[in-house]
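All chains, please: the whole structure from these sequences, using the hints.
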Amino acid sequence: MKLANKIPVEQLDEERLTNIERRIVIGVSECTPEHVPRRGFVFAAGGMLAVATAALIGWKLHTVTVVEQVAITPQHFAVGDGRDGRDGVKVSIDGATLAGTASYDVTRTPTRIEIQMQRGSLELAVIHDPHRSLVIHAGDTEIEDIGTKFHVDFDGASTIAVRVAEGEVQVTRRGRVARVSAGNAWTTETGTVALAVLDAPKVIAAADPVAVPAVTHVSVVVRQPPIHHVEAVVPPHVPEPRVVATIDPYLELRTAIRSVPLELAPAIDGHSDAATEIAKLKKIAYSPTTLGPEASAATYQIAVLLYRPLGQDSEALNTLEMYRRRFAGGKELHAAQWLRVRIECSHTVDEACRRAAYSYQHEVTSGRASDIAIRITNTQ
Amino acid sequence: MTTARAVTGEAFSCTIEAVTVAAAYVEDVMLVDRCLTGEPAATRELFRRHRVRVHASLFRVLGSNRDMDDLLQEAFIQVFQSLRGWRAEASLSTWIDRVSVRVAYRYLSRRGRQVATDLLIDDESVPGGDLTDARRQLARDGVKRLYAVLDELGAAARLAFTLHEIDGRPLAEVAELVGSSVTATKLRVWRARKKIETAAAADPVLREFLAEGMAA
Numbered sequence: 001m002k003l004a005n006k007i008p009v010e011q012l013d014e015e016r017l018t019n020i021e022r023r024i025v026i027g028v029s030e031c032t033p034e035h036v037p038r039r040g041f042v043f044a045a046g047g048m049l050a051v052a053t054a055a056l057i058g059w060k061l062h063t064v065t066v067v068e069q070v071a072i073t074p075q076h077f078a079v080g081d082g083r084d085g086r087d088g089v090k091v092s093i094d095g096a097t098l099a100g101t102a103s104y105d106v107t108r109t110p111t112r113i114e115i116q117m118q119r120g121s122l123e124l125a126v127i128h129d130p131h132r133s134l135v136i137h138a139g140d141t142e143i144e145d146i147g148t149k150f151h152v153d154f155d156g157a158s159t160i161a162v163r164v165a166e167g168e169v170q171v172t173r174r175g176r177v178a179r180v181s182a183g184n185a186w187t188t189e190t191g192t193v194a195l196a197v198l199d200a201p202k203v204i205a206a207a208d209p210v211a212v213p214a215v216t217h218v219s220v221v222v223r224q225p226p227i228h229h230v231e232a233v234v235p236p237h238v239p240e241p242r243v244v245a246t247i248d249p250y251l252e253l254r255t256a257i258r259s260v261p262l263e264l265a266p267a268i269d270g271h272s273d274a275a276t277e278i279a280k281l282k283k284i285a286y287s288p289t290t291l292g293p294e295a296s297a298a299t300y301q302i303a304v305l306l307y308r309p310l311g312q313d314s315e316a317l318n319t320l321e322m323y324r325r326r327f328a329g330g331k332e333l334h335a336a337q338w339l340r341v342r343i344e345c346s347h348t349v350d351e352a353c354r355r356a357a358y359s360y361q362h363e364v365t366s367g368r369a370s371d372i373a374i375r376i377t378n379t380q
Numbered sequence: 001m002t003t004a005r006a007v008t009g010e011a012f013s014c015t016i017e018a019v020t021v022a023a024a025y026v027e028d029v030m031l032v033d034r035c036l037t038g039e040p041a042a043t044r045e046l047f048r049r050h051r052v053r054v055h056a057s058l059f060r061v062l063g064s065n066r067d068m069d070d071l072l073q074e075a076f077i078q079v080f081q082s083l084r085g086w087r088a089e090a091s092l093s094t095w096i097d098r099v100s101v102r103v104a105y106r107y108l109s110r111r112g113r114q115v116a117t118d119l120l121i122d123d124e125s126v127p128g129g130d131l132t133d134a135r136r137q138l139a140r141d142g143v144k145r146l147y148a149v150l151d152e153l154g155a156a157a158r159l160a161f162t163l164h165e166i167d168g169r170p171l172a173e174v175a176e177l178v179g180s181s182v183t184a185t186k187l188r189v190w191r192a193r194k195k196i197e198t199a200a201a202a203d204p205v206l207r208e209f210l211a212e213g214m215a216a
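Respectively, the protein sequence lines represent chains A and B. Heads up, the first sequence is in the numbering used here, so the first residue is 1 and it goes up one at a time. Heads up, the second sequence is in the numbering used here, so the first residue is 1 and it goes up one at a time.
It is worth saying that the hints were derived from the structure and are not from the lab. These figures come from a predicted structure and were not determined experimentally. All C-beta atoms in this analysis are idealised placements derived from N, C-alpha and C, irrespective of residue type, glycine included. Some hints could be false.
Some residues of chain A that are not near chain B, with every Cβ distance over 10 angstroms (derived) [unchecked claim]:
1. GLU10
2. ALA161
3. ARG163
4. ARG176
5. THR289
6. SER314
7. ARG368
Computed cross-link-like contacts, DSBU-like style, restricted to lysine-lysine with a CA-CA straight-line distance of at most 30 angstroms [said to hold, decoys possible]:
8. B:LYS195 - A:LYS2
9. B:LYS195 - A:LYS331
10. B:LYS194 - A:LYS2
What follows is the structure, given as C-alpha cells:
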C-alpha cells in the first residue's frame, strides 16, 4: 500500500494563515512572562509580598473610617482625556475616577465610599465592585452608582442634575428612589428625563405672523391750531419666543432598532450575575488553548453583557472591536455587528451610528435589521 | 582514481550537509532564544518557518481542513508555551512535529470514532495534470472512502497509519513522534492496513484507488 504523496494537501489561504498567526502572537504575548525573576529578587519579592499581605489583613480587620478632604483644581475637562492622577486634577479612589470643578469630602470604608459634595461639577467613571458601593451626597439627594460613568452638577443649594453616560445610578431624594440608566438624566426639577431631551437644543416656535405685524400704525390728532395730522411709527411688539417642543427626529428609527432582539444573548438577571458571568466568559475567551468557536461565542457574550445589563457601552464597543479583529469569520459576526449598531445608535443617529449601520447592511442583505440599517444609512 | 574522486566528493557533500545542519541548529537555537524573550517578530518567524510542514502533517492525518485553524493555533500555542522545555537534543522541527502530533491525537480522541470526513480537495489540487476526468474522480472518491475507513479507527492507529503510509515517515520516526515502541507502532499500522483492505474488498472504488496507488 503506497499512499505517500498520493493524497494532495489542500493549502490554507493566506488570509486564514494570517489570522492564525495573529491569534498565536496574541496568545503567546498573553502567556509569556515579562521576565524571569532571578533568585536574589525572589527573596526580596517574597518579603515584600509578606509585608503587603500583613498590611492587607490588618486593614481588613480594622475597618477604620478615613476622612479626607480633596480639593480639585478648578479646571473642567471630560473624563478619559488622557490625564492621569499625577497632575492632581483627576483623582482615583478604589476603582472610581473623579474629575471636575467640585470640592467634596470622601469618607471611605472597605465596603463603601461616600462623597459629600459641597457644590460644583463632578465627572465620575466607576468600575463596578459588588463588594463596594459608591454614594454621592449632594444636599438632600443621594446618588448611588451601579458601575457607570456619570456626571453630577450641584449648585450648592437645591438644584442637582445627574447625567448618566454609561451604566445606571440610583438617585434617592426625600425617600423617593429613581433609577437612572445610560442615556438618561435626573434633575431636581424634571425628575428622570432622556439626556437627548435635557441637552437637546431647544426648538423655538415662530410667533403667529398675524399677531405680529411688521409695523404698527398709530394715528394721533392734535386739536390745537394749526391742525396737523401726525402719523407716528411705533416699533412692533415682538412677543418672547416660547418653547413648544423638543424634537428627536430619529425617535421612530431608534425605537425600531430596539425592537430587533439581540441574537445569541446570554440569559442573565441582575448586575452581580452579569459580572460573575463576564468573569467566567473572560476565562474562556482569553485562554490561549480555547478553540475558536468557543472563544468567539464567549467574546460576543461579554459584549452583550457589558451593554445590557451593565450599560458599559464603550467597553462593549471595545469588546466588539476585539471580536472583529480576532474572529473575522465567527458565527456571531452578524449579531456582533448588529449589537454595534444598537450601541452606536442608542442615543442619537450620528456618523458613528451610520458607519455601524453601513457595515451591517453590507454583510447582511436581507431581514428586518438590514432594512433598518439601510434606513439609518440613508439619514443625513 | 575515479573511486578516490567519488569518495572525496561524497566526503565533501557530507561535510556541506553537516555544516548546513549545524547552521540550521544554531539558527534554531537563536530563534528560540528570541521567542523566549517574548519578541513578536521571532514568534512570527518561527510560525512561518514551520507552518507548512505542520499543516501538511495535520492535513494528512485528518484528511481535511475542517477545524484546521483551531488545530494549527493550538499546536503552535503549545509549542510556544513549552519552548522553554526544548533542550535542543532533538532538532526543533522534530520537536514541533511531536507537539503537533500530540495535538492531533487529543483532537481525534475528543472527536471519537465518527464518520465526519468532508474532504475539500478540489479537482485542480489532485496531482497528475494528465489524469482523465474519470481517473481524477476516482482519486477524489478513493481519498474520501479511505478517510471514511480511517474515521472508524482509534486515534493511535490512525496516527500511526497516516504518518507512516500517507506522510511517508519511517516507522522508527513515527514511533518516536507518537511516543510508543516501534513494535507497537508496526502493529497498529498493520491492523489499520488490514481494516482498509477488508473495506476495499467490499468497495470497488476504494479497491481501485488502492490498486492505482500500488501501481504508482
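### Message
Tell me if the straight-line CA distance from B:LYS194 to A:LYS2 falls inside 30 angstroms.
### Response
holds (14 angstroms)
### Query
Is the Cβ of A:ALA161 more than 10 angstroms away from each Cβ in chain B?
Check passes; 48 angstroms lies beyond 10 angstroms.
### Query
Regarding the assertion that A:ARG163 does not contact chain B, is the least Cβ-Cβ distance greater than 10 angstroms?
holds (42 angstroms)
### Message
At 10 angstroms, judged by beta carbons, does A:SER314 keep clear of chain B as stated?
### Response
holds (27 angstroms)
### Task
Report holds if the minimum CB distance from A:ARG176 to chain B is greater than 10 angstroms, and violated otherwise.
Check passes; 54 angstroms lies beyond 10 angstroms.
### Query
Taking C-beta pairs only, is A:THR289 more than 10 angstroms away from all of chain B?
violated (6 angstroms)
### Message
Tell me if the straight-line CA distance from B:LYS195 to A:LYS2 falls inside 30 angstroms.
### Response
holds (16 angstroms)
### Task
Could you grab the alpha-carbon distance between B:LYS195 and A:LYS331 and see if it respects the 30 angstroms cut-off?
violated (38 angstroms)
### Message
A cut-off of 10 angstroms on Cβ-Cβ distance, and A:GLU10 was said to be off the interface with chain B. Does that hold?
### Response
With a cut-off of 10 angstroms, A:GLU10 comes too close to chain B, as the shortest Cβ separation is near 5 angstroms.
### Message
Just want to verify: A:ARG368 was marked as not at the interface with chain B; is every Cβ pair farther apart than 10 angstroms?
### Response
Answer for A:ARG368: holds, closest chain B Cβ roughly 32 angstroms.
Checked against the numbered hints given earlier, the structure breaks hints 1, 5, 9 and satisfies all the rest.
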